[in-house]
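Listed here are the chains, written in short residue letters.
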Amino acid sequence: MKRVLITDDATFMRLSLKSMLEKCGFEIVGEAENGKVAIEKYKKLRPDIVTLDITMPVMDGLEALKGIKEFDKNAKIIMISAMGQETIVRQAIILGAIGFVIKPFNQQTITKAFSKL
Amino acid sequence: MSDDGIIREPMLEIYLFEATQLTEQLEEISIECEKNKKIDTESINEIFRIMHTIKSSSAMMSFNNISVLAHSLEDLFYFIRENGSVNINFEKLFDLVLLGIDFIKDEVFKIENDNEADGSSESLVLKSSNLLQYMKQDNVNDSKSILLEVEDNINDHISSFIDCSDSIKQKYVAKIFYEDGCEMENVRAYTVVHNLKEITTEIYHVPSDIIESNDSVDVIRANGFLIGFATTATKQEIEKRFNEIIFLRELELQQVEEYPQELKDINVKKEISPEDPIIIMNPQEVEVIKEEPLNVNKSAKQQSIISVNISKLDMLLDLVGEIVISEAMVTKNPDLVGLQLDNFKKAARQLRKLTNELQDVVMSIRMMPVSMTFHKMNRIVRDMSKKLNKEVELEIIGEETEVDKNIIDHISDPLMHLVRNSLDHGIEEKQERKAAGKCETGKITLEAKNAGGDVFIIISDDGRGLDRKKIYEKAKLQGLVTRPEDELTDKEIFSYILLPGFSTNESVTEFSGRGVGMDVVKKNIDSIGGAISIESVMGKGSSISIKIPLTLAIIDGLEVAVGVSKYTIPIMSIRESFKPKINEVIEDSDGNEMIMIRGEAYPIYRLHQIFSINTKVINSADGIMVMVEDNVKSACLFVDSLIGEQQVVVKALPKYIKKAKGIAGCTILGDGNISLIIDVTGILDR
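If you read the protein sequences in the order shown, they are chains A and B.
Residues in the first sequence are numbered consecutively from 1, following this note's numbering.
Residues in the second sequence are numbered consecutively from 1, following this note's numbering.
No lab work stands behind these hints, which were simulated from the structure alone.
Heads up, some of the hints might be wrong.
Here chain A is said to cover these stretches of chain B; the calculated rule only asks that three of the stretch's residues, wherever they fall, bring their Cβ under 8 Å from a Cβ of chain A [as the list claims (entries may be wrong)]:
{"no.": "1", "region": "56-65"}
{"no.": "2", "region": "235-248"}
{"no.": "3", "region": "454-466"}
Between beta-carbon pairs, the in silico distance windows are [stated by the list, open to error]:
{"no.": "4", "chain 1": "A", "residue 1": "Arg46", "chain 2": "B", "residue 2": "Met416", "range": "49 to 55 Å"}
{"no.": "5", "chain 1": "B", "residue 1": "Thr41", "chain 2": "A", "residue 2": "Lys2", "range": "35 to 41 Å"}
{"no.": "6", "chain 1": "B", "residue 1": "Ile306", "chain 2": "A", "residue 2": "Lys2", "range": "23 to 29 Å"}
{"no.": "7", "chain 1": "A", "residue 1": "Asn74", "chain 2": "B", "residue 2": "Asp102", "range": "35 to 41 Å"}
Even glycine gets a Cβ: it sits at the ideal position worked out from N, Cα and C.
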């Protein structure tokens with residue numbers, strides 16, 4: 001079972017994504033409420049996949065992406081973004097994110113997006 | 001859980017919990033910023049993030065009216081964030097934000113009560129976008145074009161890639177179709193191109209403009225994304241890469257000799273450099289007002305907390321209560337009387353110690369600081385002082401004071417009413433204050449403090465105070481007075497306003513004066529075992545003190561015997577107890593028994609009479625007097641004897657017993673007997 005680390009400052013969003021991913025057969029090994037925690041947990045847990053929300057306090061998704069990639073250049077990272085964040089998502093792609101999912105998402109979206117991972 | 005005990009689905013619970021928390025946070029920040037007439041960077045970011053989160057979560061739960069509103073407000077603050085040096089009309093801005101907060105609160109309230117969130121946020125959204133337009137006109141938006149400039153640099157960076165290897169380059173053409181509804185297909189296409197750069201020496205694609213143009217999204221949706229490229233990689237390697245694309249619905253990949261015409265027609269030939277310079281986009285360093293972060297009270301901020309369903313806590317508290325009772329039933333068991341049990345007693349002491357500790361910890365879990373409730377009042381003060389055109393400042397003292405969650409839920413409404421009263425009737429208008437030599441800004445103080453086993457919440461203002469005469473007259477008119485005015489203390493007269501139907505206001509305002517307020521406040525406070533007392537000085541101000549017990553569930557009580565029955569009198573109501581002397585007991589003109597203590601006369605209430613109990617102890621000198629007080633009066637209860645002090649777990653009277661005046665609840669003693677808990681106010685009101 002592939003192991004996932006979920007990052008989002010909203011408990012609600014983390015829970016939604018967690019339940020949807022679990023239905024796809026992923027194991028959620030950790031949750032992070034901001035980018036800084038995400039980097040720390042990545043180092044500790046070494047998940048197979050990381051999801052990063054973009055807008056977060058303390059450290060945002062883009063910075064976290066940089067940090068994780070610095071630590072492990074093969075890290076598989078999916079950005080969770082909102083409509084209208086094209087520029088940031090593009091930057092994320094340049095920095096090495098393998099893809100992105102747009103909020104709001106539903107079970108179908110998540111299943112389709114993560115089926116290849 | 002909703003009120004009728006139906007457990008909602010957990011996602012909805014969390015959504016509602018977070019939505020409430022976030023709107024409260026937002027409200028605090030907004031009021032603070034508005035008051036100080038400036039928004040620092042941190043606040044802007046916080047407001048933006050909160051709107052963003054509410055937008056996303058609400059959309060996930062299909063509460064689109066909320067989501068759309070949050071989105072429009074998010075746009076507003078995004079603009080402010082990117083264009084720091086805007087001229088902000090704080091009043092307009094925060095009026096709008098607070099209206100938005102109200103809307104969201106209303107919708108959340110509806111949802112919590114299992115109703116449809118059917119409110120329309122259209123007018124607010126319109127207001128918001130109008131405000132944004134207005135702001136945009138006032139400020140030239142430079143940042144966007146600069147961002148584009150930098151982006152272009154990435155793409156125009158042309159350098160030739162010298163192929164060092166001897167492998168043959170093949171040309172391929174691929175067409176990609178994305179899943180319906182995955183959104184931002186142009187950026188997804190960009191992802192593909194970006195990732196292909198590693199293995200290709202040239203790439204052409206249609207649509208060619210996938211960065212600047214959002215129209216490309218529609219083209220890609222309709223016709224797919226067409227790519228032509230040259231690479232030394234094998235077809236399998238290429239296929240593998242393409243199949244990793246997220247949201248890929250369909251892939252057509254073939255090796256070609258020549259690119260198809262549409263790809264050849266692209267006039268900008270983009271040659272790829274092996275690595276894109278990774279340009280990190282720092283939005284142009286805009287001049288956002290860089291003040292020190294405002295001292296916004298972070299009481300509602302997210303701390304390291306886990307949220308537990310309150311019903312689980314209730315169950316836990318119940319269980320602990322039962323354990324306390326069981327522990328008493330074991331250690332004070334009648335079977336053990338007279339036995340030599342040193343080791344047992346030692347063990348029993350340890351058990352007692354642990355049970356007490358357990359009890360303390362569980363109680364503390366349910367304790368919450370009053371700060372949240374106090375800070376809610378900020379909004380009321382702000383709104384009302386605006387409406388009434390009065391200048392009022394709210395001072396909060398002792399907000400860290402903790403109180404049981406159950407109690408917090410019950411004091412919120414009374415507090416609001418009392419604050420409204422102060423604002424409406426207490427604090428005078430500016431001219432009146434000036435004429436009276438007071439400073440123009442009125443002050444309302446909310447104070448919370450611990451005193452013994454109770455918590456005191458005091459609302460005071462420096463307004464015009466209560467008119468003793470007026471209150472007495474009104475009470476007389478309503479037939480509520482029993483004694484002449486000069487016999488009554490200020491406290492007693494002021495407490496008339498707590499009676500139902502009482503109101504000395506000539507006119508009913510929007511906020512108060514219908515005479516249904518204060519008695520409801522009293523009822524609320526009574527229901528949690530608290531008491532209200534009012535003090536005031538004409539012209540100087542008023543002060544209302546609410547005394548509430550630290551907890552409802554467990555109280556310190558004095559066990560007394562009346563006949564074969566046992567009663568528990570809450571220790572917090574007891575002033576003293578003593579054996580009376582015959583000559584101390586006298587009768588007043590109506591035949592009511594009184595007792596003289598240190599020059600003061602106190603009425604006597606004989607429990608055996610009140611509860612119709614057979615007892616041999618009739619003579620005053622044979623029994624015990626327990627002097628008790630509620631917030632207004634003092635009296636003596638006559639009982640047979642005192643048994644001892646005991647901590648008791650309060651249990652509500654079972655539903656099949658009608659409410660008995662004078663009885664607050666019941667408890668089970670260590671010997672298995674039932675003891676009724678005395679409601680002092682109920683007795684004294686007779």
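Against the structure, the hints come out as follows:
Coverage of the region 56-65 of chain B by chain A holds in this model, with 4 residues showing a Cβ closer than 8 Å to a Cβ of that chain against a need of three. Counting residues of the region 235-248 of chain B whose beta-carbon sits less than 8 Å from any beta-carbon of chain A gives 6, enough to reach three: the coverage restraint holds. With 0 residues bearing a CB less than 8 Å from a CB of chain A, the region 454-466 of chain B misses the requirement of three and the coverage assertion fails. In this structure, Arg46/A and Met416/B meet the distance hint of 49 to 55 Å, their C-beta atoms being roughly 52 Å apart.
Taking the beta carbon of each, Thr41/B and Lys2/A are about 39 Å apart, inside 35 to 41 Å as hinted. A beta carbon spacing of about 27 Å between Ile306/B and Lys2/A agrees with the range 23 to 29 Å that was offered as a hint. A hinted range of 35 to 41 Å for the beta carbons of Asn74/A and Asp102/B is inconsistent with their spacing of about 49 Å.
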